[in-house]
Every structure is written in structure tokens, then in C-alpha cells.
Amino acid sequence: MLEVQQDTIETTYREAIRMAIREAMQNDERVFLMGEDVGNYGGCFAVSMGLLEEFGPERIRDTPLSESAFVGIGIGAALAGMKPIVEVMTVNFSLLALDQIMNNAATLLHMSGGLFNVPVVIRMATGGGKQLAAQHSHSLEGWYAHIPGLKVLTPATLEDARWMLAAALEDPDPVLIFENSTLYNKKGSISTEVNKVNIDKASVVRNGKDLSIITYGIGLSKSLEAAEILKNEGIDVEVIDLRILRPLDTETIIQSVKKTHRVLIVDEGWRSGGISAEISARINENAFYDLDTPVSRLCGEEVPMPYAKHLEHASVPQIETIVKQCKNILQHERV
Amino acid sequence: MDTTSKDLKIQLPEKEKALDLLYQMILIRRFEERSAALYTEQKIRGFLHLYIGEEAVAVGVMDALSKDDAVLATYREHGHALARGMSAESIMAEMYGKVEGCSRGRGGSMHLFDKALKFYGGNAIVGGHLPLAVGMALANKMQGKNHIAVCFFGEGAVAEGEFHESMNLAALWQLPVLFVCENNLYAMGTALEISESEMDIYKKAASYKVASSPVDGMDVLAVQKAAKAAVDYIKSGKGPYLLEAKTYRFKAHSMFDAQLYRQKSEVEEWKEKGPIVTFTERLKAAQLLDDDTLSNIETRVRKEIEHAVQFAEDGNLEPLEDLKKFVYST
Ligand SMILES: Cc1ncc(C[n+]2csc(CCOP(=O)(O)OP(=O)(O)O)c2C)c(N)n1
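If you read the protein sequences in the order shown, they are chains A and B. All residue numbers for the first sequence refer to the numbering used here, where the first residue is 418 and numbers rise by one. All residue numbers for the second sequence refer to the numbering used here, where the first residue is 6 and numbers rise by one.
So that you can see chain B by itself, here it is in the shape it has in the complex:
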């Protein structure tokens, strides 16, 4: 079952909730647009992978989690970090390489962490964090905690052995882990059809006896509903779950990418299905949103980002003598 709120008429949540979901998606979008500009100004360096177009996935899934659940993401994780509740300041300062950043400037865009929010990165080895999520789920189970571990990854990661080994062990040991595959159709320049013999990722789960379903990743309500169902399933002790969110990345893989591997028209078609435009329209049609409210959200977001940029600009550099700090704990 492909859950799309429009098809299945997923009920709109109450106004406050709906506006919050919209606000979060807009925050992520504007934060990343600003980050891209700052990259051009060379304030941010290294790799910068934008999540633009995929916001509904992180926002919808995070909404279904409790604060005790652990979250693991990839290098394309600004959206997940913001949706989990990390401040725009701590992320921006991180990308500026400042001590005030969430990882003290050691990690940069690809390695955001937050202990209080149980946000375990920011992993830049494709597939590398899947076993970690399974391990965290194992620990939860062994300690009798009813918390889950949630792992986000692209469909590219599904070709790695770690995906298969993790799925098998999670099912074999009946572990409370939610795998969220963000299938945006391309792994860098490699299209799904030249990398997977079975292109419906969620179907792979069956061979491991892992429950799974696909969901329209452009629809925040559909994602939220599917994630909620998956989390309930896992928390009721039935074992792991794989959610495949069908989505699309609107921008380049990272900042340098001629995008020779896809047609401009394809990108444009997906933009029409964009998570923010469609949700905005739906809210307007249901009279939960008017132009004033929308512009208030935009203003609030703009201020938050301005504040974050200023915070990052004002931040400090780690003294050189501390270079070798944190190689060991003591």
C-alpha cells in the first residue's frame, strides 16, 4: 500500500500541528538555501549535501518519535538535525568550523551530533551507520527499554553489504529498529535502475522477514502516518521495520555536480510535487493557512536563520593546542 494523503484522504491534523509541520519544512528549506549561499561565499567549506525536496521525510518521521528514541542519519542530515530539534545556531556554527558548533567544528556539515537529543550523526560512509542503529536497538532490548533506534539512509546504501547484514540481524534478534530508506532515485549520478535489480526497496525486506512498506516521501502527512504505524509496530515488540520513502533531491548531489545523469525536465516535474508547495496548497484549501500566516512563518524562519548566521560569525576557533583533544576520552 502506497500511502498518499491525497489518495487515502489522510485527515489533516489540527491547525497548530499542521502549521508546525509546515514551519519545520520551511525552516529546513531556507536554512539550506542560506547555507548554499554561504558556501559560495566560502564561509562553509568541505562537502555540503542539500536535503532540498526531501524535507517531508525527516519532518514526518521525527514527529512520530519520542525524545528517548535514537536517531542516526547520513551526511545529508541538516534536515534531520533541525527536525529533531537541534538549533540552527549550533548547526551553522558547526559548518563555520567554530567551537560553538554542535561538534566543536570538528565535524562540519556531514557530522552533526547532539547528545541531549540522541542524535548520533552525521555518518559519511554510506551504509556505515546501519549496524550502529542495530547495535543501539540491541542495547535497548538488552536493557529492557522500550525505545527504538531510527536510521535514515539513501537507496544507494541498500547495495552495500551492511544493509543486508543489518536487516538480517535485526530480524533474527527481533530488535526495535526503524530503517528509513530515503529513495531519491539517484546515488550521486547513479540512477536506481542501473544499481538495483529490485527497484522497490521495501520488497527486499521480505527476504529477511522484516516488515516494510513504501510511502510517498513528498507528503509529510503520509510519512508521519506511516512512521507512526511503523513505530507502534516496533514498540509493540514485533521486531524491526523498513519504511521506503519515495522522494527526490532537487539540487546537486553536493555543491559540485554538473547533473549530467538526469534531465532538467525530470527535476521540474518533481518540483511540482514538492513537499512544501503541495502541503501549503492543501492547508490553504482547508483554510488552515492564509497568506498572512504564511508570511509570519517565513519571517520567523528568516529571523532564526539570521540569528544562526550571526552566532556562527561571532563564534570562536578552537585553539591549535587543542588539536589532539578527543582522540581518547582521558
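Isolated chain A (complex conformation):
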């Protein structure tokens, strides 16, 4: 009796990213990691813990608090033949480097008539949920998805945490990776087999027929839990993990809409002008006549994130609110 068992390992989201960085550094001399506290401190979310000892300070490069400069330096190094992974502690601080990301990384290829591409990877934590208040808790990845020239990845699963980085480093253009900070401790098992994941397709994580939840990042686990609760009430929900906010995989979204005819978009980012608005517009443009109910959205409340726990909790979509909204959508139709 022969049983073929695929090898798997128990890991966390944090360790999966660390494995990806380590592997990239081992495979390619041009890869280096740069950012605040990535070395001696081990990374503000402990992602790079131990890498300084392994690769030394040339390649695990601590920077001063100079977001605009070190992101720009990453872009410059990429132009000159290196493959930098720049870590910005959180998306809130990336605003100090927004000029470099937008006016240099995203534009150089086009502005130079195709002469100069920028193969830089910029990683940063995003999201709330830790009572860090209004300067440390927002989900601004949707903003970055507004910018042509960038690719915006939002790994929500351990597989993507483990394998998206390699794909990002292979890409000739600037790639931003947003790691939701509440996911770092997420545990699970992943295959040890090399998994060449794509960075242009959304994934249908759960099949269902009654309604499609379209989400990404931290919204994925909340939506999956909501789907489980709804299943017990006879509601069969499909859940789509966008994985990539730019380029947005319209095709997978539309296919799902054509199947379920009802949509809920779940996004921690603010509603007005956010990525949820873009998704909704694309559904209206491409599948309006397939809809049984209007596209529905659950987004972050339009308020700078408050510190108090109950207020913060009420500021972003939660499992309870997702469940309720799904029921409303189905109810709406019966009325």
C-alpha cells in the first residue's frame, strides 16, 4: 500500500514571508532588504528576525527614519541593476514616500518612453484592529491601486504570503505588497512544493450560488467565517479573494456575478472613492443585467480611526455585520 503524501509545514503568515525573503536572498545576489529596524530590531513586526545574522548588514540594511529617501534609494538601486525589497513599517508612514512611489517608481518607464523599468518591491503593513488610533490604523492600499504603473498585491493567505514575493521580484515593474498586520500571527500549514503563484488573478476561495462576497486582505478571513455562519442558515455564499488590487481581475469578478447575481464588497478602506467603488463600477459596466439586487458594500466608516476599542470595532466591517448585510441583500429581493 503506497500513500503519496504531499509534504506540508506548519507556519505563520510572518514566517511564510520570512521564508520568501530568505529564499530570494539565497537565490539572487541582487536582492537585498532595506528599511527601518529590519536588522538589529528584527523588523517592527518581527518579519526579518534572524536575517541580519544570516546575511549581514550590507544586505539586511537598517535605515534611519527617512521614508522618502530610502524608498527613493530603493527605486534608484533598482534602476541600476539591484533587486531591492524595501520595507516601510506601515502604510501610514509610506505617505512620506508617496512622492517617490508615485512620481518616480510608477512613472519612469512611461516617461522615458520605455527605456527604464523599475523592478523594486515595496512591502508594508496595513490595517487596523490594534487600537493604534488615527495615525497608525488605516487601509490605504486602495489609494495605491489608483496609480497606473504600480502593481498592488494584498496577500491574505499563507500561500500568498509565502509565494507572492518571488513573483513580485520577477516582475520588471514596481510592485507594492500590503501585509495586513493582524494576519502576521495567522497559523496554518502550507505545502513545501514550489508554488509559482500568479500575480494577476483573483481567486474563488469558496464556491457558492446565492451571493458573491468580493474582498481582500483581512476581509477574507472575516468573510469566510461569515459564509460558514450563513451556511447554517441555508445561504450559500461564494467568496472571492481579489489578491491583487491592481491590475484588478475584472473577469473573475464578472464570472462570479453571472453565477450568483448578488454581490457584497467587503473592504476595510474608506468607502468614498475607494477600491470598492471601482469594483462596483466595473460590475455595473460589465454585468448590470445579471444583477438581481444592487451591488452592496461594507466599508470602513469614514472617520479617522478612533482609539477606543468599541469605536474602532464599529469602524470596520465585522463578521456580524457581513452576516447581517448578506441576509439583507437576500431579504431585499424577496420583498
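Incorrect hints may have been included.
[Unchecked claim] List time: in silico DMTMM-like cross-link candidates among lysine to aspartate or glutamate, alpha-carbon distance up to 25 Å:
1. A:Lys726 with B:Asp205
2. A:Lys547 with B:Glu46
3. A:Lys741 with B:Glu326
4. A:Lys726 with B:Glu323
5. B:Lys330 with A:Glu737
6. A:Lys744 with A:Asp588
7. A:Lys603 with B:Glu38
8. A:Lys726 with B:Glu311
9. A:Lys618 with A:Asp707
10. A:Lys676 with A:Asp709
11. A:Lys604 with B:Asp262
12. A:Lys648 with A:Glu737
13. A:Lys547 with B:Glu286
14. A:Lys500 with A:Glu642
15. A:Lys547 with B:Glu38
16. B:Lys22 with B:Asp295
17. B:Lys243 with B:Asp68
18. B:Lys278 with B:Asp205
19. A:Lys741 with B:Glu323
20. A:Lys741 with B:Asp327
21. A:Lys726 with B:Asp119
22. A:Lys547 with B:Asp262
23. B:Lys48 with B:Asp262
24. A:Lys726 with B:Glu46
25. B:Lys269 with A:Glu471
26. B:Lys330 with A:Glu718
27. A:Lys547 with B:Asp327
By construction, these hints were calculated from the structure, which means they are not laboratory data. All values reported here derive from a predicted model rather than from experimental measurement.
Starting from the structure of chain A, add chain B with the ligand where the hints point.
Positioned in the frame of chain A, the structure of chain B with the ligand alone reads:
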């Protein structure tokens, strides 16, 4: 000139003043020790950055200010808030996330504010408040007011563009602003020597034509004297001033920090130079302080903190319907 009260024999102030400075430092110390315990009990959440070891800087500088001067600080600002005169209750209630807190529970530990005391936060983007201080100084100048704006920040902020842009504009426009750099040698886990090509922060000021000096930030009298001189300089219309207080943070950066970036022995050495122990010794030697007086101060502080904790425990939560309040003024 590195002003250290021991070296330069800075005269002790009169007894009442000296004891008040000591009381303030002890209040900050005990308040934060209690806050750390409450954090472990999960009464306080989010980030909690302790100022323990650096108390002399806030206490010394605040003493040199008038009530009309504006104060801006970082996320490590419990000490500044207390030294400016904010009540322990309003800060504790804030960290409990209660409506009775100084920022109605919206801000937490990193975002303490007080309008009456002209305390403008509590800013958690490193370097983000330096331009604000310059702007407040500009407004004071344009309105013909002889008030200054005082901005506290760590040496980590000096690497940000905002530091350099602010210094230049403050000097160019001759604005009444006091920059107080609290150089505690580490920005999270990044040591000064791996972040600055010029490690004497005060020397950077020269290239902007900003007057500056270093001061022993572990010595409350030295800080007070240096701050007084800087404030007088600014108020006499000579433009901005940068004071570099050499100090040290005894605790972790925030509550979670394995402190792999520094030696335990280094921390211990600095603790011996601690602002409270050294000042206590000095006062005792000068017979301005005896054990009874010290224990009276400790008792008074303990009661104040007990009261603050009770106040926070008894406080109320903002109703959920008010979530979107204060996004706009009307
Ligand atoms: C622009 C920005 N980048 C990064 C951070 C994360 N961060 C918070 S405090 C800190 C270290 C700051 O050190 P320093 O300015 O010396 O002040 P200290 O904490 O030592 O008082 C860092 C990196 C931040 N809050 N803002």
C-alpha cells in the same frame, strides 16, 4: 558647552521649587509604572511608549515656559502632558478609552491634547509635528505675540526631511520656535551611530544658522537652565533655537520589544545616572530633602494616581452613534 549642574555647579533653586521639580519627575515615573501594569491587565491598549528615564527633559523645559507658549510632543508624551499641568485623571481616562479622557477616548496614549494648556498633542508620525510648531511660531510672529512654540522630538526624527525643512524655514523667517531634541540614542532598535553621519545633533543647526546647544538631559537643573536661556534668546527676537538633551530611555521602545539592539549593562549604567536618583541625592546632600519629605511626596503621588485610575474606571464610553462626530466641525 555641555551644561551639567554638577560640573558647572548650577545653583540649587529654593527648596519649594526644588521639591516641586522632584515631585513632578516622581509623578511621571509612578504614573507610567502604573500605566505599564494596567497595560498588562489590558486596561490600556494600543501602543504605550514610556518616558521613564527621560523625565528631567520635559520637567526642566516646561518650567522655562509661560502658559501662553504652545507645546507639541510625540507619542512618548505622558511626561510632557503631566509636566505641562494636565491632570493624571484626564490622561488615564484617555488611555482607558473613556469620554472623560482629554481626547474623549479618540486618541489614546499617543494622542493627548489640552486646549487650555496649549498642548497640541501627541503626534505619532515621527517628525510630523515639527512643521506645525514652525507654523504656530509663524502665527505668533504675524500676530505680534511674544509667545513661542516648543516642539519635542526624538533624535530619530532628525533623519526625516521635515526636521531639515523646518529648521531652514524657522531660521529663514526668524521664527520664535524652540526645538527640543530628546536624544535617547535609539530610534526603536536603531542606534544613533547607524542612523546619523553627524551624531552631535545640535551641530546640525549651524548649517541652518539656528542657534543651538547640548545639555545633560538627565539633570533637571541643567535642562531648566538651558531651556530658560534658549527661551530668553527666542523671546528677545533672535530667532529659533535647538536644544539637544542627551538622555536615555530605560524601558522598551513600546510595550513589546526584546531589546536585542542594546546591552543590559548599558541600560544599567544609564540608570545610575537616572534623573530622579541623582536629583534626590543632590537635594539630600544639600539638606533640602529628608526621608520624611520624600515619603510624603511618594504618598501624594500615589494618591493622585489612585484617584486617576478610579476616575478612569468610573468613566463612560462614547455612544456608538457618535462614532462619526468630529470628522468635521459642523
Ligand atoms: C514617519 C514614521 N516612520 C516610522 C514610525 C515608526 N516609529 C515610531 S517611533 C519610532 C522611533 C523614533 O525614534 P526617536 O525619534 O528617536 O524617538 P523615541 O521613540 O526614541 O523617543 C519609529 C521608527 C513612525 N511613527 N513615523
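*Numbered hints the structure breaks, given as an ascending list*: 1, 6, 7, 13, 14
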